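Q: Listed here are the chains, written in short residue letters.
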Amino acid sequence: QKEVEQDPGPLSVPEGAIVSLNCTYSNSAFQYFMWYRQYSRKGPELLMYTYSSGNKEDGRFTAQVDKSSKYISLFIRDSQPSDSATYLCAITRYQKVTFGIGTKLQVIP
Amino acid sequence: DGGITQSPKYLFRKEGQNVTLSCEQNLNHDAMYWYRQDPGQGLRLIYYSQIVNDFQKGDIAEGYSVSREKKESFPLTVTSAQKNPTAFYLCATQGVIGQPLGADTQYFGPGTRLTVL
Numbered sequence: 002q003k004e005v006e007q008d009p010g011p012l013s014v015p016e017g018a019i020v021s022l023n024c025t026y027s028n029s030a031f032q033y034f035m036w037y038r039q040y041s042r043k044g045p046e047l048l049m050y051t052y053s054s055g056n057k058e059d060g061r062f063t064a065q066v067d068k069s070s071k072y073i074s075l076f077i078r079d080s081q082p083s084d085s086a087t088y089l090c091a092i093t094r095y096q097k098v099t100f101g102i103g104t105k106l107q108v109i110p
Numbered sequence: 102d103g104g105i106t107q108s109p110k111y112l113f114r115k116e117g118q119n120v121t122l123s124c125e126q127n128l129n130h131d132a133m134y135w136y137r138q139d140p141g142q143g144l145r146l147i148y149y150s151q152i153v154n155d156f157q158k159g160d161i162a163e164g165y166s167v168s169r170e171k172k173e174s175f176p177l178t179v180t181s182a183q184k185n186p187t188a189f190y191l192c193a194t195q196g197v198i199g200q201p202l203g204a205d206t207q208y209f210g211p212g213t214r215l216t217v218l
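Keeping their order, the protein sequence lines are chains A and B. Using my numbering, you'd call the opening residue of the first sequence number 2 and step up by one each time. Using my numbering, you'd call the opening residue of the second sequence number 102 and step up by one each time.
Please note that the accuracy of each hint is not assured.
[What the hints assert, rightly or not] Where chain B lies over chain A, by a calculated footprint (3+ residues, C-beta under 8 angstroms):
| hint | segment |
| --- | --- |
| 1 | 39-48 |
| 2 | 54-61 |
| 3 | 66-79 |
| 4 | 100-107 |
[Unchecked claim] Think about it this way: if two alpha-carbon atoms lie no more than 27 angstroms apart in a straight line, the pair counts; the simulated DSS-like pairs of lysine-lysine are:
| hint | chain 1 | residue 1 | chain 2 | residue 2 |
| --- | --- | --- | --- | --- |
| 5 | B | 172 | B | 110 |
| 6 | B | 110 | A | 3 |
| 7 | A | 97 | B | 115 |
| 8 | B | 115 | A | 43 |
Read the hints as simulated data drawn from the structure, not as lab findings. Please read all numbers here as calculations on a predicted model, not as lab measurements. Just so it is clear, CB atoms sit at the ideal spot from N, CA and C, and this is done for glycine as well.
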């Protein structure tokens, strides 16, 4: 079993939709939970991070962590074509960062 | 302007040639990483270095070599022994984020696209 599981998609949604991106993890000792956004042929950029259960909001983006279920989510409200990218979850345990495979999102105008 | 630079952005190699990809950072981070990214496979770790003059193999080190003579620089050489080198290569550094409980996260360069002709 992989330490971090993420559905690679692709996921296609119409502009304005609410997008839900998810990852599950296996080790309850994981400490920090992060989301990266990667545009085509670019390096991933850190989008959001959190270390506690619950929600963290930043503009149209909300990161949600449920430690009891070992489940993390990224919600995008009012999705835009510019949100079309691959989204990678990443989880830290001590100094080791483990990445999900990434979910490819396409927002159709 | 702090960050990670990778050069070149695009690189073409003939069969049997060695090529070196550059990675430079001014974030003052100790740890640096090289990943390979292929469609549908996510990030695969090639080599990493946690301190100058020391580095370790990652999951797919065969056919690659690195050096870490300076804190700021971590070049990757793709040798002729690498059977399928065409890929997107990403360099990353690792630093601490978050208060009060800091934890490590990684910061990525813009990548180098290597194509074997």
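Q: With reference to the structure, classify each hint as holding or not holding.
A: Consistency of the hints with the structure:
With a cut-off of 8 angstroms between beta carbons, the segment 39-48 of chain A has 6 residues touching chain B; three or more are needed, and the interface restraint holds. Counting residues of the segment 54-61 of chain A whose CB lies closer than 8 angstroms to any CB of chain B gives 0, so the stated coverage by that chain is violated, three being the minimum. Under a criterion of three residues with beta carbons nearer than 8 angstroms to beta carbons of chain B, the stated coverage of the segment 66-79 of chain A fails, only 0 such residues being counted. For the segment 100-107 of chain A, the stated coverage by chain B is satisfied: 4 residues place a CB nearer than 8 angstroms to a CB of that chain, which reaches the threshold of 3.
Taking the CA atoms of residue 172/B and residue 110/B, the gap is near 22 angstroms; set against the 27 angstroms cutoff, the hint holds. For the given pair, residue 110/B sits about 32 angstroms from residue 3/A by alpha-carbon distance, which is inconsistent with the 27 angstroms threshold. Restraint check for residue 97/A and residue 115/B: not satisfied, since their Cα atoms lie roughly 36 angstroms apart, outside the 27 angstroms limit. The suggested pairing of residue 115/B with residue 43/A holds, with an alpha-carbon distance near 24 angstroms, which does not exceed 27 angstroms.
The structure fails to meet hints 2, 3, 6, 7 from the earlier list, while all remaining hints are met.
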